[in-house]
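Construct all of the structure, not just a fragment, from the sequences and the given hints.
So the sequence shown is numbered by my numbering: it starts at 251 and just counts up by one.
Hints were generated in silico from the structure; no laboratory data involved.
Please note: incorrect hints may appear among the correct ones.
Using C-beta positions, here's what the derived DEER-type ranges look like [to be verified]: (1) Asp-313 / Val-386: 27 to 37 Å; (2) Ser-357 / Asp-313: 21 to 31 Å; (3) Asp-315 / Thr-340: 11 to 21 Å; (4) Arg-363 / Ala-270: 30 to 40 Å; (5) Asp-277 / Arg-363: 33 to 43 Å; (6) Val-372 / Asp-315: 28 to 38 Å.
Okay, derived cross-link-like pairs now, DSBU-like style, lysine-lysine, Cα gap no bigger than 30 Å in a straight line [said to hold, decoys possible]: (7) Lys-367 / Lys-324; (8) Lys-373 / Lys-324; (9) Lys-373 / Lys-356; (10) Lys-324 / Lys-356; (11) Lys-367 / Lys-356.
By construction, the Cβ of each residue, glycine as well, lies at the ideal position given by its N, Cα and C atoms.
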Amino acid sequence: MSDLLSRLSLQPVDSSDFEAMLALRIDAMRPSLERVGRFDVARSRERLSAGFVVPYMHHIVLDGDQRIGFVTLKPEDSDALRLDHLYLRTGFQGLGIGEWVLEWAKSQAREQRLDIKLTALVKSDANRFYLRHGFVLEGGEGVDLYYRWRVASEAAC
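Shown next as structure tokens:
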């Protein structure tokens, strides 16, 4: 697995990448959205468009040219960053890549002394993933669950 992780990089996103990233988001999210009866291509487009902030987005790339996912980490409030998108293409989940990206996000948060907030879909496998990596469930509404990772909690350990 460490061999796989050593072949990963993050690369900048360009505005022309939107359609390819939408297809990847749909591929990654479709099973979870179907479980809660919320899969809709138009809604997927709308949600990605609302969070499509190029300066804060990165492609997750394997071997320098294979785009296998993307992540968005952007400022939110004075005390936190928002992990707005972390999607991996089907077949690349469960290999440690999400953890590699999350460690990158946490290092960014540590440098800035900021927490990380995120929203996950109920009944999504992502919930176990985030809990396993130190995020705390802070509440929810409808089909969304709200999590927070506190940079200060690491300093206390």
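Going through the hints against the structure:
no.: 1; hint: Asp-313 / Val-386: 27 to 37 Å; verdict: holds (35 Å)
no.: 2; hint: Ser-357 / Asp-313: 21 to 31 Å; verdict: holds (23 Å)
no.: 3; hint: Asp-315 / Thr-340: 11 to 21 Å; verdict: holds (19 Å)
no.: 4; hint: Arg-363 / Ala-270: 30 to 40 Å; verdict: holds (34 Å)
no.: 5; hint: Asp-277 / Arg-363: 33 to 43 Å; verdict: holds (35 Å)
no.: 6; hint: Val-372 / Asp-315: 28 to 38 Å; verdict: holds (35 Å)
no.: 7; hint: Lys-367 / Lys-324; verdict: holds (10 Å)
no.: 8; hint: Lys-373 / Lys-324; verdict: holds (25 Å)
no.: 9; hint: Lys-373 / Lys-356; verdict: holds (24 Å)
no.: 10; hint: Lys-324 / Lys-356; verdict: holds (12 Å)
no.: 11; hint: Lys-367 / Lys-356; verdict: holds (11 Å)
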